[in-house]
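K.L.:
Going line by line, the protein sequences match chains A, B, C and D. Start counting the first sequence at 2; every next residue gets the next number (the working numbering). Start counting the second sequence at 2; every next residue gets the next number (the working numbering). Start counting the third sequence at 2; every next residue gets the next number (the working numbering). Start counting the fourth sequence at 2; every next residue gets the next number (the working numbering).
Some clues are possibly wrong.
The list treats identical chains as one, so a pair stands whether inside a single copy or across any two.
Unchecked claim - Below, simulated BS3-like cross-link-like pairs (lysine-lysine); rule was C-alpha separation at most 25 angstroms, straight line:
hint, residue 1, residue 2
1, Lys200, Lys260
2, Lys55, Lys242
3, Lys200, Lys4
4, Lys200, Lys55
If you are wondering where the hints come from, they were derived from the structure by calculation, not from laboratory data. Model, not experiment: these values are computed from the prediction.
There are 4 protein chains.
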Amino acid sequence: MLKGYTVPKSPFGQAALTPPPPWHYSGDVVGVEFSADPAAVAACLPSGLVPDPKTNGHAIMLFIDWQFTAQDDEYLDPARYQYREAFILVDAVYRDTPVMWCPYIYVDNDAALARGWTQGFQKKLGSVYQTRSHAAPSAAAAPVAPGGRFGASLSTHGQRLADACVTLRKPVENGLSLLTRPTVLLRYFPRLVAGLQDKPAVNELAMSVMDNLAVADAWIGEGELHLPEAHGEELYALAPKRVESGFRYSLSYSVTDLKILEDYTA
Amino acid sequence: MLKGYTVPKSPFGQAALTPPPPWHYSGDVVGVEFSADPAAVAACLPSGLVPDPKTNGHAIMLFIDWQFTAQDDEYLDPARYQYREAFILVDAVYRDTPVMWCPYIYVDNDAALARGWTQGFQKKLGSVYQTRSHAAPSAAAAPVAPGGRFGASLSTHGQRLADACVTLRKPVENGLSLLTRPTVLLRYFPRLVAGLQDKPAVNELAMSVMDNLAVADAWIGEGELHLPEAHGEELYALAPKRVESGFRYSLSYSVTDLKILEDYTA
Amino acid sequence: MLKGYTVPKSPFGQAALTPPPPWHYSGDVVGVEFSADPAAVAACLPSGLVPDPKTNGHAIMLFIDWQFTAQDDEYLDPARYQYREAFILVDAVYRDTPVMWCPYIYVDNDAALARGWTQGFQKKLGSVYQTRSHAAPSAAAAPVAPGGRFGASLSTHGQRLADACVTLRKPVENGLSLLTRPTVLLRYFPRLVAGLQDKPAVNELAMSVMDNLAVADAWIGEGELHLPEAHGEELYALAPKRVESGFRYSLSYSVTDLKILEDYTA
Amino acid sequence: MLKGYTVPKSPFGQAALTPPPPWHYSGDVVGVEFSADPAAVAACLPSGLVPDPKTNGHAIMLFIDWQFTAQDDEYLDPARYQYREAFILVDAVYRDTPVMWCPYIYVDNDAALARGWTQGFQKKLGSVYQTRSHAAPSAAAAPVAPGGRFGASLSTHGQRLADACVTLRKPVENGLSLLTRPTVLLRYFPRLVAGLQDKPAVNELAMSVMDNLAVADAWIGEGELHLPEAHGEELYALAPKRVESGFRYSLSYSVTDLKILEDYTA
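If we strip away everything but chain A, and leave its shape as in the complex, we get (with noise of 0.2 angstroms):
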């Protein structure tokens, strides 16, 4: 009997490309909230969700340095688990509830993809990097500060998918005020049988479940974002028309479960 919460199942379940939930997160986050052109956010809704009719075009681009366990000390094995992340959440509204969904989201690590494709987060593979702030004082700390500036960018295969800025003005008082909407997700996996590739095997709308939320060191300020032209990719279809905040934060929290909103498998 093979073990392992995910493949490659194996006879001691230790080769799996994760661990099973709980899965616990802890990192640094970097981001810019923008208004993208609202056509192109409505075409990225997949069924299930509609435009927000209040917000839409609304969106956020997060950089996030990941430290990631589960049960057994994962994070002492960073090679392995520490990654790095950068995603996009677009306004849209499910059934009356205003949500964030998730069109585009690279991590630079397999477990973390895995994990991803479980949840939904439809990941694929990047170069991530968001500047870090440091204890030892020095032109090259970046602290957390009045003016504190911190640099993020998304390459994948050598193409440049993002580039941001994000210029510290003042603390939030509130940090979990910036996540206020549920992210919506899609968990999805295609058949390859010849006849059934457009139906899929699975095909769910989620919601994600996050336990423990903690938001700490949050601060708001200016931010820059370029969502330049990529080949193979449609993220440069939702560069900001206008940006309105930049912030940084740290984020906590951990997953145990997940909701399943719609399921839209044939």
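On the provided structure of chain A, position chains B, C and D as indicated by the hints.
P.N.:
Relative to the frame of chain A, chains B, C and D by itself:
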């Protein structure tokens, strides 16, 4: 209506990890045929397969430099679509049919990872290298000739998982004779809903369907293979007890279909 | 007494980035011949070289998949020694001798970087890819034949620096005719002592010495080349005004020596 | 007149691997203090250094997540300038002065490699990871606190070279007390001209000059360190005989100068 064969689904279907089939592959293979511990081979078989009573323990380890294309000249974008792969196949029996089972496979590319999962190749990311043969004569050229030597290696997350070396002795008249058994695979996609995490959404035993299979320039000789122990991996349980041969050939085939053998989805 | 041709010097000389010469190379070249802005070419020449009055602006961009070996079967350790390279050569004149000058070159391997600096190739790290030709027939095989197409690209730090495509039309009878001018290089190693940072410890104009130069399977046809603007790079200043041709060949040579043309060390 | 502190020299000096000093660094250190085989330490010393009769064999291994900037906001381009480093320092004596010698050092970035060579850090490329500490509370956060644990690893070309783990016990009042000896380095740049390949163009024993050295949040506790054998490396000759402690701190300093101790250039 979002488009794309795999995630991420997008307005134009250009962002998906992989274009839809037909998928065409051409590449160079360096491989070693060997005998592993029969108990270790038996232990890595999935439900539906049993050890081959005549050859249990027999295995091959393959390192392949692949070029891929679908219908849109993907072979002209090697930064995105060219990749390297290493995997092990072990003998087994499916309902009286001698087959090979692929317990572990590694690639260095996310499009290949996504296609692999769809087929039932339980792919993880790895770094794969093989000695190449170049046409311009040199001590570095590695000609395909008697005594020609080819090294190969696999690493993941900075740990070496396999080291191989092959010394060619003579051409193989019928290269297809090296590929006699069909490959059995596992399509597996878990659920994340609490209480259902051990009830996968997809759990199918599948058989690879290879169209237009061709082998060119096949040579055989001696082989060496080391599968050192590595944390977070189980490949090393299949380390050689005895090496039979080493080989090298060029290989091509196309994928348009998959045969589902058993559906174990609950 | 520490040993090793380059750093790091070590008790047994096994840790050095590269073994000592002779160095043997065999590889596959995809390239484009073109005309850049003559002023941009003139601006990138080092002291000791002047623009070629007859051909100023003429340049070639080469993408090479290299295999390397020295005296210890390094070609059997492809994870450490196989590499990919992209570089540009522009026409110039050294004391009445028509030469080519290499202003920018990128490799994906530290041993190649170290050898390069020693020769005067001013190497940085980059990700380089080219379409390969495989023997097993397939839509993915890219045969070397009339109409055969080969893509190539260069990226660094997640920015695309070059995209090329070559369409083969006919074999070149004498492949060596594609390599008529010697390559001039700059060996340069700065000082860090305060006050001496603009007085390099090594500043030598050098000419590449290639032993046993061989070209095989040379073909010529049409080419395309794009050198997009990128932050922290100046390659794009040499973007094509007109493309002359595209070509592909296999190349080998050995390095045992270097010719110092001028010593500008203060 | 070409510009740039290092290669490649270019018309605007923007293409050079690294901007000129001052160089500013801020980062997080995870390290282990230990005793290696005294004969192995003695064997790795360069001319000009002798074993420290009182502490011969004493060594530290450091893993550092670095942020770098020069004068042009390089810290806002983390894809190009942020990097990770691992190195070993062993006790030695230079003319009656107790010093530390850096025989082996690895970074994951070419700008850092180039600066290192200039200083006398004999850098190669490697993959380096350390557990980070994030502000948002979580099982994944790794707070700096009694019992806090931090893993670290180094790999190169797919081989694991070092695995470390540190368990914090108590703060260190004066963090600078952890950095008592100056670091001695080797600036070494070979010649390639035939007959002169063992007569380096630069061969200088140097001492690191660190301006504005600061240590913050220093903690000490227990350490573990494994330096497994690896082909093409000699670090493992310095494997611990006994581990003294583990530690973690934040570190910053600037570089504007270097002290040349001895010039062995022929």
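K.L.:
Going through the earlier hints one by one, which of them does the structure break, listed in rising order?
P.N.:
Of the numbered hints given earlier, the structure breaks just one, which is hint 4.
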